[in-house]
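Protein chains in written order, with this note's numbering: chain Z, 1 to 326; chain F, 327 to 652; chain V, 653 to 978.
Certain hints may be false.
Stated by the list, open to error - No more than 16 Å apart at the CA atoms, straight line, and that leaves these computed lysine to aspartate or glutamate pairs for EDC-like:
1. LYS832/V <-> ASP109/Z
2. LYS176/Z <-> ASP214/Z
3. LYS130/Z <-> ASP632/F
What the hints contain is simulated information worked out from the structure, not anything from laboratory work.
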Amino acid sequence: MSNPFFKNNGPFELNQILNELNFEIKENSNNLIINDIKDLQNSNMNEITFFHSKKYRLAANATKASFCITTENLKNELPKSCKPIIVDNVLVSTSAITAKFYPDSINDDFDNTIEEIYNTKFNDKVKFGKNVLIGHNVSIGANCLIGHNTIIEKNVVIGDNCSIGSNNIIRNSLIKNDVKILDNCIIGKHGFGFYPNTNKNLRYPHMGIVIIEDDCEIGCSSTIDRGSMSNTVIGKNTYLDNQIHIAHNVKIGENSIIAGQVGIAGSSIIGNNVKIGGQAGISGHLKIGNNVEIAGGSGVIKDIPDNTKVMGYPAKNIRDFLRENR
Amino acid sequence: MSNPFFKNNGPFELNQILNELNFEIKENSNNLIINDIKDLQNSNMNEITFFHSKKYRLAANATKASFCITTENLKNELPKSCKPIIVDNVLVSTSAITAKFYPDSINDDFDNTIEEIYNTKFNDKVKFGKNVLIGHNVSIGANCLIGHNTIIEKNVVIGDNCSIGSNNIIRNSLIKNDVKILDNCIIGKHGFGFYPNTNKNLRYPHMGIVIIEDDCEIGCSSTIDRGSMSNTVIGKNTYLDNQIHIAHNVKIGENSIIAGQVGIAGSSIIGNNVKIGGQAGISGHLKIGNNVEIAGGSGVIKDIPDNTKVMGYPAKNIRDFLRENR
Amino acid sequence: MSNPFFKNNGPFELNQILNELNFEIKENSNNLIINDIKDLQNSNMNEITFFHSKKYRLAANATKASFCITTENLKNELPKSCKPIIVDNVLVSTSAITAKFYPDSINDDFDNTIEEIYNTKFNDKVKFGKNVLIGHNVSIGANCLIGHNTIIEKNVVIGDNCSIGSNNIIRNSLIKNDVKILDNCIIGKHGFGFYPNTNKNLRYPHMGIVIIEDDCEIGCSSTIDRGSMSNTVIGKNTYLDNQIHIAHNVKIGENSIIAGQVGIAGSSIIGNNVKIGGQAGISGHLKIGNNVEIAGGSGVIKDIPDNTKVMGYPAKNIRDFLRENR
Numbered sequence: 001m002s003n004p005f006f007k008n009n010g011p012f013e014l015n016q017i018l019n020e021l022n023f024e025i026k027e028n029s030n031n032l033i034i035n036d037i038k039d040l041q042n043s044n045m046n047e048i049t050f051f052h053s054k055k056y057r058l059a060a061n062a063t064k065a066s067f068c069i070t071t072e073n074l075k076n077e078l079p080k081s082c083k084p085i086i087v088d089n090v091l092v093s094t095s096a097i098t099a100k101f102y103p104d105s106i107n108d109d110f111d112n113t114i115e116e117i118y119n120t121k122f123n124d125k126v127k128f129g130k131n132v133l134i135g136h137n138v139s140i141g142a143n144c145l146i147g148h149n150t151i152i153e154k155n156v157v158i159g160d161n162c163s164i165g166s167n168n169i170i171r172n173s174l175i176k177n178d179v180k181i182l183d184n185c186i187i188g189k190h191g192f193g194f195y196p197n198t199n200k201n202l203r204y205p206h207m208g209i210v211i212i213e214d215d216c217e218i219g220c221s222s223t224i225d226r227g228s229m230s231n232t233v234i235g236k237n238t239y240l241d242n243q244i245h246i247a248h249n250v251k252i253g254e255n256s257i258i259a260g261q262v263g264i265a266g267s268s269i270i271g272n273n274v275k276i277g278g279q280a281g282i283s284g285h286l287k288i289g290n291n292v293e294i295a296g297g298s299g300v301i302k303d304i305p306d307n308t309k310v311m312g313y314p315a316k317n318i319r320d321f322l323r324e325n326r
Numbered sequence: 327m328s329n330p331f332f333k334n335n336g337p338f339e340l341n342q343i344l345n346e347l348n349f350e351i352k353e354n355s356n357n358l359i360i361n362d363i364k365d366l367q368n369s370n371m372n373e374i375t376f377f378h379s380k381k382y383r384l385a386a387n388a389t390k391a392s393f394c395i396t397t398e399n400l401k402n403e404l405p406k407s408c409k410p411i412i413v414d415n416v417l418v419s420t421s422a423i424t425a426k427f428y429p430d431s432i433n434d435d436f437d438n439t440i441e442e443i444y445n446t447k448f449n450d451k452v453k454f455g456k457n458v459l460i461g462h463n464v465s466i467g468a469n470c471l472i473g474h475n476t477i478i479e480k481n482v483v484i485g486d487n488c489s490i491g492s493n494n495i496i497r498n499s500l501i502k503n504d505v506k507i508l509d510n511c512i513i514g515k516h517g518f519g520f521y522p523n524t525n526k527n528l529r530y531p532h533m534g535i536v537i538i539e540d541d542c543e544i545g546c547s548s549t550i551d552r553g554s555m556s557n558t559v560i561g562k563n564t565y566l567d568n569q570i571h572i573a574h575n576v577k578i579g580e581n582s583i584i585a586g587q588v589g590i591a592g593s594s595i596i597g598n599n600v601k602i603g604g605q606a607g608i609s610g611h612l613k614i615g616n617n618v619e620i621a622g623g624s625g626v627i628k629d630i631p632d633n634t635k636v637m638g639y640p641a642k643n644i645r646d647f648l649r650e651n652r
Numbered sequence: 653m654s655n656p657f658f659k660n661n662g663p664f665e666l667n668q669i670l671n672e673l674n675f676e677i678k679e680n681s682n683n684l685i686i687n688d689i690k691d692l693q694n695s696n697m698n699e700i701t702f703f704h705s706k707k708y709r710l711a712a713n714a715t716k717a718s719f720c721i722t723t724e725n726l727k728n729e730l731p732k733s734c735k736p737i738i739v740d741n742v743l744v745s746t747s748a749i750t751a752k753f754y755p756d757s758i759n760d761d762f763d764n765t766i767e768e769i770y771n772t773k774f775n776d777k778v779k780f781g782k783n784v785l786i787g788h789n790v791s792i793g794a795n796c797l798i799g800h801n802t803i804i805e806k807n808v809v810i811g812d813n814c815s816i817g818s819n820n821i822i823r824n825s826l827i828k829n830d831v832k833i834l835d836n837c838i839i840g841k842h843g844f845g846f847y848p849n850t851n852k853n854l855r856y857p858h859m860g861i862v863i864i865e866d867d868c869e870i871g872c873s874s875t876i877d878r879g880s881m882s883n884t885v886i887g888k889n890t891y892l893d894n895q896i897h898i899a900h901n902v903k904i905g906e907n908s909i910i911a912g913q914v915g916i917a918g919s920s921i922i923g924n925n926v927k928i929g930g931q932a933g934i935s936g937h938l939k940i941g942n943n944v945e946i947a948g949g950s951g952v953i954k955d956i957p958d959n960t961k962v963m964g965y966p967a968k969n970i971r972d973f974l975r976e977n978r
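All chains should be built: construct the whole structure from the sequences, respecting the hints.
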């Protein structure tokens, strides 16, 4: 995942990392330096990775990371070049270390880097309403409008000819050209991703961003969460109605139409030319093909192949559903 | 439809209109003037209309318009007084011409006509909170309250004794007397109406308004879209709970009660004394009778006669539903 | 119910109360004083109570109230020490008298007691964004953040280490320690509770508050209504996703996880360690046990015992649902 926004706070000494994990230091590792944390495939020498499930065994076998957060049961899958760091709960420990490298990916407090827009370089460049606030690391293209009380928080790129309405809050997002965002949306906040833990849940990092491609329209009072380890993407010329919730890591294709109050749970992938009726819900980690039509109110709990019309809860072929429910 | 708010930008010369449609000009029509665009029934001499489906044949036979956007197949239904303008896609062309006459009905960018309320005539007349903004062509009756950060955008009439909460955005709306609007609502924005078009959807005009009759209450974080060719209406003493979405052209009768997170799709008509439970959804273009009760979570996909209780998805008689689902 | 926020406007002379009810005064009661209005169990001498249904007969037999709003049919259940005040509609009359004692519990107009935070004692104590407003009777603990445009209206207590995002509106709420509230939430507004009445519904009082226990997280654009005669409670370390609606009097236990767009209707009680999937709905006045899992999109219309997984509408045992819907 290309990540333009979250700054790596590292490198750290290995000892600092082991301390964080309450890991007993068995050897002299004082002068070892860890540059980054990545997944098994993408990590390199002097980086740390994590391995928590047998299904990633092949990737573990081939990892180039120097260290790996893992369990006693899994450690033998790692190559000799990768030293295991044994912990009780791999995901919780990984979350803690990722937070160390990328603290901004955990913390979604209000953005205290903002300034009134008329004190920024956008004063002459953008048409804006009252009380517009702009954070650090924001760029805005030509011929854009930004409505009243809207907050463009840090780490936002907006292309040309965009119309952003009023009362929106946007952060960690890449908005391309000719996009319309109506009013009262929250875009780019972290998703509902955390490790449940009695007395104190543990949030995991959200290092992904939201990407809204050219010519999209986002309706009023919608929420689009940024991704955790990948991005949340709304494809070109896709229109969203009001009160829609798009969870983290969701990807929606081009030319799709999503009616009011639809919810799409985390990591689902929606194809091109998809039509989703009002109040339909799509479970997480599903794949919805191209040219699919999902009737309003449906609850989709499994993958849907291309060119299919479905309805019902659980959603099934629309002809079957209507025949059974005459 | 009486339309107090959208200004007719015409008249235009016929040639300007034909140019817009890439229509080859076959005769000398330089000095012809078109005053307005209306539907088949309401249009008059020197106005343009449109005719896109056989089901409007009788209206087409009788139209008084001088010109009609239509197709080769349909043109023979028009009277001799009405000259056909043949296009590939009647609705797309109609949309383009309507946008020419009524540009404000397409464009829902933030309202740049607003001023801080203390710079307006309402400073002494209305009790208001911090950061209240008022657009052009707004009137507010006696004894009204307007909460913090609320934006009364252009083209809003508010009656007497209304309590508008905080963080609301209202435009193109007629709000009668003794109405309460809680917080964070968006009222009068255009609906989710457009012609799907690969690479670039085409929005059609929303020339309707929102009318909220006396004694209504609108809950927090609700959205009520204005109509496209008719108005969206909330009847007298009807109460809406939080997070409700009312789409364009919907009409709700009097004394109805609509619980949280309900969605009503475009152009449906709801009767008087109707009760709708939480999260229920009603498809578009339906007619729900008087004294109907719709159980929470139901999905209504067909008309419902007066005095009926329904439940389920698709919604059916509640006794049948409960018997089948014991 | 302990109620720290709503001030008793009494005492009132009995005649004032009888006048309010259009009750014909039959005896000389000029000098009688009524101190408060409470339910049958909790009321004492020189207080007024109400009794509207046979099912509260035993409580009525034992009430210590001096007066009781009731009907001709029920009056004989009261002890001799309690004089009946006979009315047509007990709940409507009770509402009117409660409103007399507790006017702030009916009226949810925008809070006109607020000031910009930099003019308050919190200026040096809290980290805050632009345009933050604070009402009367607010306290905020150590190390708290309050984001842009957020309004902490009157009667709010916030503990230590809380992170409140931007564009929130909070009133009549007790927020404990280490709570995160993301953006655009409305918390503590009155619920959707009123007596339907042709031409003019009658709101009943909402004297409860919202209590959010330690370590909770509330997602973006959620609404949590305060209670009417009891409180709305979110238990310790419970996490809510975006666009959730929690109605008045709902109580949610500890360590529960509630996904996006869920709605919980009034007075339902949810246990500890409960997981509720996206868009599920729970009817009012239900009891959901501990360790229950409710699948996304379900509609729950009856109580659910501990340790149960349910799915469907109406929700049933998840294995039965999936077997029937293969």
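Structure-based check of each hint:
For the given pair, LYS832/V sits about 9 Å from ASP109/Z by alpha-carbon distance, which is consistent with the 16 Å threshold. As the CA atoms of LYS176/Z and ASP214/Z are separated by approximately 5 Å, the hinted pair is consistent with the 16 Å bound. A hinted pair counts as satisfied when its Cα atoms are at most 16 Å apart, and LYS130/Z with ASP632/F does not qualify at roughly 48 Å.
Comparing the model with each numbered hint stated earlier shows that hint 3 is the single one that does not hold.
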